[in-house]
Amino acid sequence: MEEIAARFPYWFIGLLLAIGLYGMIGKRSLVKKLIGLNIFQSSIILFFVASGLKHGASVPILQHEHHPIAQDYLNPLPHVLMLTAIVVSVAVTGVALSFLVKIHHEFKNEDEETILEQLG
Amino acid sequence: MAAVFLSTALSFLGLNHVLENGEIRYALGGWAPPLGIEYVLDNISAFVSVVVTTISLLVIYATRHIVSAEISGHLSSFYCLVLLLLAGLTGIVVTGDLFNLFVFLEIASLAAYSLVFLGGRRAMLAGYRYLILGSIGGSLYLLGVAFIYFSTGTLNMSDVLYILNQQGASSSVSAGAIFIFAGLGLKMGLVPLHFWLPNAYTEAPSSVASLIAPIMTKVAAYSMLRMFISVFPEGYLINEVPIGLMLISLGSLGVLVGSIIAISQSNLRRMFAYSSISQLGLIAIGIGLATPLSFIAALLHIMNHAIMKALLFLVVSDINSRFKSEELKSLVGIGKVMKLNMIAFTIAAISMIGIPPTAGFFSKWYLALAAIDLNQWPVLIIILGSSLLTAVYIFRILENVFVKTADSESKNNQQSIDSKFGDAHELSLLNITPVLLILAISIIAIGIFNMLIITHILEPAL
Numbered sequence: 001m002e003e004i005a006a007r008f009p010y011w012f013i014g015l016l017l018a019i020g021l022y023g024m025i026g027k028r029s030l031v032k033k034l035i036g037l038n039i040f041q042s043s044i045i046l047f048f049v050a051s052g053l054k055h056g057a058s059v060p061i062l063q064h065e066h067h068p069i070a071q072d073y074l075n076p077l078p079h080v081l082m083l084t085a086i087v088v089s090v091a092v093t094g095v096a097l098s099f100l101v102k103i104h105h106e107f108k109n110e111d112e113e114t115i116l117e118q119l120g
Numbered sequence: 001m002a003a004v005f006l007s008t009a010l011s012f013l014g015l016n017h018v019l020e021n022g023e024i025r026y027a028l029g030g031w032a033p034p035l036g037i038e039y040v041l042d043n044i045s046a047f048v049s050v051v052v053t054t055i056s057l058l059v060i061y062a063t064r065h066i067v068s069a070e071i072s073g074h075l076s077s078f079y080c081l082v083l084l085l086l087a088g089l090t091g092i093v094v095t096g097d098l099f100n101l102f103v104f105l106e107i108a109s110l111a112a113y114s115l116v117f118l119g120g121r122r123a124m125l126a127g128y129r130y131l132i133l134g135s136i137g138g139s140l141y142l143l144g145v146a147f148i149y150f151s152t153g154t155l156n157m158s159d160v161l162y163i164l165n166q167q168g169a170s171s172s173v174s175a176g177a178i179f180i181f182a183g184l185g186l187k188m189g190l191v192p193l194h195f196w197l198p199n200a201y202t203e204a205p206s207s208v209a210s211l212i213a214p215i216m217t218k219v220a221a222y223s224m225l226r227m228f229i230s231v232f233p234e235g236y237l238i239n240e241v242p243i244g245l246m247l248i249s250l251g252s253l254g255v256l257v258g259s260i261i262a263i264s265q266s267n268l269r270r271m272f273a274y275s276s277i278s279q280l281g282l283i284a285i286g287i288g289l290a291t292p293l294s295f296i297a298a299l300l301h302i303m304n305h306a307i308m309k310a311l312l313f314l315v316v317s318d319i320n321s322r323f324k325s326e327e328l329k330s331l332v333g334i335g336k337v338m339k340l341n342m343i344a345f346t347i348a349a350i351s352m353i354g355i356p357p358t359a360g361f362f363s364k365w366y367l368a369l370a371a372i373d374l375n376q377w378p379v380l381i382i383i384l385g386s387s388l389l390t391a392v393y394i395f396r397i398l399e400n401v402f403v404k405t406a407d408s409e410s411k412n413n414q415q416s417i418d419s420k421f422g423d424a425h426e427l428s429l430l431n432i433t434p435v436l437l438i439l440a441i442s443i444i445a446i447g448i449f450n451m452l453i454i455t456h457i458l459e460p461a462l
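As given, the protein sequences belong to chains A and B, one line each in that order.
The numbering of the first sequence is our numbering, which starts it at 1 and goes up by one.
The numbering of the second sequence is our numbering, which starts it at 1 and goes up by one.
These are calculated hints, taken from the structure and not from any lab test.
Fair warning: this is a prediction, and the values are worked out from it, not measured in the lab.
In this text, a Cβ means the ideal position worked out from N, Cα and C, and glycines have one as well.
Residues from chain A that keep clear of chain B, each with C-beta distances beyond 12 Å, as calculated:
id: 1; residue: I4
id: 2; residue: A6
id: 3; residue: V59
id: 4; residue: I61
id: 5; residue: L62
id: 6; residue: Q71
id: 7; residue: D72
A few chain A residues that face chain B, going by a derived Cβ cut-off under 8 Å, partial list only:
id: 8; residue: F40
id: 9; residue: I44
id: 10; residue: A91
id: 11; residue: V92
id: 12; residue: F99
id: 13; residue: E106
id: 14; residue: I115
id: 15; residue: L119
For reference, chain A alone in the conformation it holds in the complex:
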């Protein structure tokens, strides 16, 4: 039990990954697939941020000017990387939403099976 509690964020992230994957593969609606993709990507971002956590450390701005001690500071790199990853996932979402608008104009619905039937 303690083991689970200590690693709570990781269990949560694993759950989110599974939910996202289910949304993308199990759902028929194209919009829900996109939501699943977003959940999937956010869980990976959370994974980076959660793993970058360090207890008792502060933001990486120099405070002791003469002898900075590395242990007092968080590693900022995972968070910076995640800024880029968020930008990438925003771009993917934007492109996917514009696809969806086009698809809706063309087929008047977002259900995968119905669209396949319309295509024949």
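Since the structure of chain A is provided, determine the placement of chain B on it from the hints.
Just chain B now, kept in the frame of chain A:
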């Protein structure tokens, strides 16, 4: 056009420079490598970037008139997407940083999704599915990079290699390797993860298909190779995690499944899409065997397959732009009308089967030698079997093109072929035919001079 020509010229210059002076390392923004992002141009990446830029230059030149017929709306935005795709692909090839590779992978993929989406009603669904599956691939890759980053503390490829050599194996690095290869496998179209590929290639505009099919999946294969050579220590992916074995078995499965499904197709482009899956299976086997000889075979096959697939898809887009059909039976009697194109097509076809002295023979030959070295007899059987299976569907096409005589139904077809010989013919004679001939000659030339490529470019790097 000019920009692509420039990048091709630069990649050749880069290759030349690397061959004479050794590898180039460029620190982006002036930050020293382990901290900053680094671009590395060594023999292998210079070689692959030459392949990517040359093929795309030829394809873009050849499909100019097809693009303006197929794409409604502004051509400038279409070519903007093409350049974005090329920027992403060359970025993947030259980058020396794991996270940067992810960013370029997503740039190239986003451009590819949009290009596929342009192909009309059916392409919309194919493009959307490609987007969802491709993004899963990218995300899995990112997850793998997270594991690597938190166990080594660096993202620079050569730094990761150095640290992993000292640290030895750990379970989180192995998990990271599995996620990375799952993600790249999805992008590459490795067999259980290939479902996006046939639809995306078949429904895309034919000019886009002939651009994406030769280079997109090859670059993903190249980054797999990069993981083997310059990220994970030698033998790590064989002994600690059985990824080499996975690649060999999935690749073999891909060879069989891809060619067997290709045999039963009646649409030409779908047939070539499945044959792409089987050829990618061969490349995956080459990467998975993980000896220098098999890496050489995989790299050669990346180049050969890019050339052959560019040629085959260009012929299909030519046929499509003239006769508005890609069905196998529409090919009947075409050998008499499009003589030069079909000669080039035949050369690519026998190279796909692997008959000497074409280039396709030698990459399979080295792959077979590498398999024999490791006593992997089942793999050898699959490599030989793939040639036989490929021969079956290639000869089905050639039979329709050259042998079948026009019966009453196809006589009408013949007349309509003759009547449609207007502007499209002249344009394709100007644009596509020279490119097809260049590609066909290069297939034979590469076949004859492949030793030069190996001894001068590939062998020193491995």
